[in-house]
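Let the hints inform the model, and build the full structure from the sequences given.
Residue numbering for the sequence shown follows this note's numbering, beginning at 1 and increasing consecutively.
Because the hints were derived from the structure by calculation, they are not lab data.
Virtual Cβ for every residue (Gly too), placed ideally from N, Cα, C.
Where hints are given, some of them may not hold.
[What the hints assert, rightly or not] The calculated lysine-lysine pairs, modelled on DSS-like cross-linking and capped at a C-alpha distance of 30 Å, are: (1) LYS166 with LYS148; (2) LYS241 with LYS179; (3) LYS140 with LYS217; (4) LYS179 with LYS87; (5) LYS224 with LYS102; (6) LYS241 with LYS166; (7) LYS241 with LYS200; (8) LYS153 with LYS143; (9) LYS166 with LYS214; (10) LYS140 with LYS153; (11) LYS140 with LYS78.
[Said to hold, decoys possible] FRET-style restraints, in silico, Cβ to Cβ: (12) ASN209 with GLY282: 33 to 39 Å; (13) PRO171 with GLU41: 22 to 28 Å; (14) ASN100 with SER157: 37 to 43 Å; (15) LYS148 with ASN243: 55 to 61 Å.
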Amino acid sequence: MKNKSGSFKERIRANSKLNLLDDTTIESSISLICIRVPKTEIYSSSQVRKFFDVERIREMGNSLVEHGQIQPIVVYPKDDQGYKIQKGERRWRGAMSNDNVKFLDCIIRVKGTVFEQLAENIIREALTPFETGRAIIQAKKEKGLDNKQISLKLTISEARVSAFIKAASCPLQIEVAYKEGKIGDVDTINSLRIAYNINKRLVNEALENSISRKEAKALVKSLKINHKVKLVKKARSVRIKYNDHLGYIDLKGESKDGFIDIILDNNSEKVIVPVSDIHVVGYFEFCMQNSIVY
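Below is the structure:
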């Protein structure tokens, strides 16, 4: 769906007096969580039969495809059936009438602090790992918190916080695979993220089908073993002066006692000279190739 009015979350921030990361504990305050939800996970529980003009609903569905969703619908927190609609049933019905509309922007509006809501949604798995990671990153930035402080507020481990943050940086292919049900958890997501950075083609092939956590870890292990990269390692050497010429001591030299192997800047060949004839002028770094496992 196209969106010509800025991102959904940007519009929420612009139109609401509430901070999405408001950490106040005023019980009467209303906090907002903004997510994109598959339309099939949204439902209406209206007990009173309502009349909906079928043609108008169809037009609304076409408008969602052509112009994007201008206004989000408001839902309750996710329960066993999904997200129950508070406001916006016509928009939902319009989406249900058009197969080209897959997701709807939603506001989850509940009492309590955003951190409490986020913790609850992590437990319920109401947000994807990617959405959770982005919310945590936003909290770190806006509240000036580190991973440990976030973990205490969300009552999850610091390692878990780190895993969600890393998931937020995954390539789109992995996020799409998760939404399609091919990937099951944040650990699998991050294994595939690592594998993708090593070999994009193999990961894209793997994502053509479902992949388990065990299979994802095995893929990463295999890629790390079989794909080696050359890294430049800096080595330190003694900088010397000999007969008014600069050079350095050959670290692999095997000269006899009282002599030393040097290489002058103006001559790449090794020279053996008396130790007493050289003057140390400092240190410098040079590059040497070293093959290591990725």
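Could you tell me which of the numbered hints above are not met by this structure, giving the numbers in increasing order?
-> 2, 5, 6, 7 and 12
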